[in-house]
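Can you build the whole structure from these sequences, using the hints too?
So for the sequence shown, the numbering used here puts the first residue at 32; every next one is plus one.
Errors might be hidden in some of the hints.
What the hints assert, rightly or not - Here are the simulated lysine-lysine pairs, DSS-like style, with alpha carbons at most 27 Å apart: (1) Lys247 / Lys89; (2) Lys153 / Lys317; (3) Lys540 / Lys211.
Stated by the list, open to error - Estimated spans, in silico, between C-beta atoms of each pair: (4) Asn100 / Ser233: 26 to 36 Å; (5) Val147 / Asn248: 31 to 41 Å; (6) Asn542 / Asn100: 24 to 34 Å; (7) Val147 / Phe79: 12 to 22 Å; (8) Ala368 / Gly285: 21 to 31 Å.
Keep in mind that the hints were calculated from the coordinates and are not lab data. C-beta atoms are modelled at their ideal positions from N, C-alpha and C, and glycine is treated no differently.
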Amino acid sequence: MTNICSFSKASHHLCSSTWCLMSCFYRLVLARVNSFCIQLCYFLSVSFFGFVLLKVLKPRTHDSFKPRNLDLFFTSVSATTVSSMSTVEMEVFSNSQLIVLTILMLIGGEIFTSMVGLHFKKSQLKKMENKISSLANNDPSTYQSGLVMAEKQDFENLESGNQETSLDSSVDFLKYKSIKFLCFVVLGYFIAVQVLGVSLVSTYLALVSSSRNVLKNKGLNLLTFSIFSVVSTFANCGFLPTNENMVVFKNNSGLLLILIPQILLGNTLFPSCLRFCVWFLGKFFKRVESNYLLKKTSEIGYFHLLPSHHSSYLFVTVFGFIIAQFILFCSMEWNSAGLSGLNSYQKTIGILFQTMNTRYAGESIVDLSTISSAILVLFVVMMYLPPYTSFLPIKDDEEIYKKTRNRRGKLLENILFSQLSYLAIFIILVCITERQKLKEDPLNFSLLNIVVEVVSAYGSVGFTTGYSCDRQTQPNSNCVNKFYGFSGKWSDEGKIILIVVMVFGRLKKFNMDGGRTWKLL
Numbered sequence: 032m033t034n035i036c037s038f039s040k041a042s043h044h045l046c047s048s049t050w051c052l053m054s055c056f057y058r059l060v061l062a063r064v065n066s067f068c069i070q071l072c073y074f075l076s077v078s079f080f081g082f083v084l085l086k087v088l089k090p091r092t093h094d095s096f097k098p099r100n101l102d103l104f105f106t107s108v109s110a111t112t113v114s115s116m117s118t119v120e121m122e123v124f125s126n127s128q129l130i131v132l133t134i135l136m137l138i139g140g141e142i143f144t145s146m147v148g149l150h151f152k153k154s155q156l157k158k159m160e161n162k163i164s165s166l167a168n169n170d171p172s173t174y175q176s177g178l179v180m181a182e183k184q185d186f187e188n189l190e191s192g193n194q195e196t197s198l199d200s201s202v203d204f205l206k207y208k209s210i211k212f213l214c215f216v217v218l219g220y221f222i223a224v225q226v227l228g229v230s231l232v233s234t235y236l237a238l239v240s241s242s243r244n245v246l247k248n249k250g251l252n253l254l255t256f257s258i259f260s261v262v263s264t265f266a267n268c269g270f271l272p273t274n275e276n277m278v279v280f281k282n283n284s285g286l287l288l289i290l291i292p293q294i295l296l297g298n299t300l301f302p303s304c305l306r307f308c309v310w311f312l313g314k315f316f317k318r319v320e321s322n323y324l325l326k327k328t329s330e331i332g333y334f335h336l337l338p339s340h341h342s343s344y345l346f347v348t349v350f351g352f353i354i355a356q357f358i359l360f361c362s363m364e365w366n367s368a369g370l371s372g373l374n375s376y377q378k379t380i381g382i383l384f385q386t387m388n389t390r391y392a393g394e395s396i397v398d399l400s401t402i403s404s405a406i407l408v409l410f411v412v413m414m415y416l417p418p419y420t421s422f423l424p425i426k427d428d429e430e431i432y433k434k435t436r437n438r439r440g441k442l443l444e445n446i447l448f449s450q451l452s453y454l455a456i457f458i459i460l461v462c463i464t465e466r467q468k469l470k471e472d473p474l475n476f477s478l479l480n481i482v483v484e485v486v487s488a489y490g491s492v493g494f495t496t497g498y499s500c501d502r503q504t505q506p507n508s509n510c511v512n513k514f515y516g517f518s519g520k521w522s523d524e525g526k527i528i529l530i531v532v533m534v535f536g537r538l539k540k541f542n543m544d545g546g547r548t549w550k551l552l
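Written out as structure tokens, the structure is:
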């Protein structure tokens with residue numbers, strides 16, 4: 032019995048020591064390794080894990096058709112990077128595989144990954160909590176004066192007016208509490224918006240027989256479809272369990288109206304909505320952390336918490352883009368075949384939904400190959416623009432750029448290209464790998480279609496012109512029209528290039544300043 036107790040104690044000490052060593056090593060890695068490398072490893076590892084699960088689980092069509100390994104890995108990367116590029120039909124996947132794809136989209140979305148990074152930052156500042164507890168006991172008068180200034184939102188005096196260590200610690204503690212508060216706000220936002228969306232979609236499908244019959248005819252589970260579609264829309268992925276995407280629901284204006292807020296709240300309007308939530312909680316619950324977050328956004332260092340003016344300009348710019356696209360689409364496609372059979376109200380909602388999706392969501396109610404080239408070019412521009420683009424006047428902070436430039440180093444800065452340069456390189460590589468098809472099938476493999484596919488993958492959108500046997504200049508009797516992306520007809524080399532494009536595009540925020548040293552005179 033004594034030996035058992037001794038062994039138990041030794042095991043406990045060993046586990047504790049091992050855990051401490053792992054924690055120290057983990058903190059060391061986080062401190063030393065570049066954020067780009069961490070996120071790159073994260074997306075690659077999650078994609079590989081998703082591929083293994085998709086490989087193990089059987090598809091619905093396992094008796095007649097089984098996706099190739101490359102196509103499964105392509106789909107896993109596409110879901111993880113929220114790109115929604117497809118090389119196989121979505122109805123091939125079983126219910127269990129759809130659940131795997133849902134998880135991949137959930138943990139690959141920008142809000143989730145940024146939330147994880149925020150928690151890491153909070154854990155690095157957690158030592159401040161113990162430090163401040165010690166300060167409050169040893170020097171309570173100075174500590175209380177720091178908190179009083181914090182409660183009065185006198186942050187400038189708190190940071191610059193008094194340089195005592197105790198006051199500096201009060202600032203650090205306030206920053207820690209603010210980041211902790213922000214973690215809860217983002218988590219609550221993340222959960223509340225999606226839970227509300229799933230509830231509304233499920234209720235709509237249960238009440239509206241026409242939409243419910245679509246799922247019944249396709250053998251799709253109602254709850255799985257609701258969760259899948261909301262997670263995909265909120266993450267701005269664009270995958271849907273149906274082969275035709277949202278084309279089969281273009282008559283269901285109510286469903287489109289439910290998904291439209293998910294598109295905006297999960298991406299382009301997230302900074303504005305997040306700032307409003309922080310302000311609201313501070314206004315009605317008197318939180319000191321809220322005021323610190325609103326006034327010291329640069330100190331927090333959370334990419335999605337923008338300054339007041341930038342958030343306001345972003346809100347106006349987002350709707351400005353939507354209105355411009357809506358007007359052009361209505362003027363050129365109102366009587367098109369893609370919108371045939373819809374009344375005026377359904378067309379209006381459908382076009383609004385379509386134009387909302389051009390910036391990152393990628394869901395579609397029309398066949399993009401049938402719309403005019405002018406609109407396709409406009410869509411390409413919208414897909415290329417970063418999510419927080421604002422064309423309204425915002426003061427350019429050159430000091431931030433100089434700090435970033437010094438941190439990266441001169442050598443790395445000089446070799447970085449602009450995003451347009453990388454896109455040009457990727458498009459050239461695809462044209463090389465698909466050069467034979469460009470000659471033999473010029474209508475399907477047109478340069479514009481390739482540009483749309485590459486820019487869509489780079490922008491994590493998911494728009495595609497698809498492939499049609501009817502457009503073949505040399506008809507092939509064995510050709511069968513399939514409901515998957517244009518890249519599904521590419522060679523294996525072309526698909527691998529597009530995988531690189533999806534990962535590279537998902538991490539493009541690390542290269543926003545690329546190409547500054549290249550001068551065009």
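Find the hints from earlier in the document that the structure breaks and name them by number, from lowest to highest. Going through the list in order, the structure violates no hint and respects every one.
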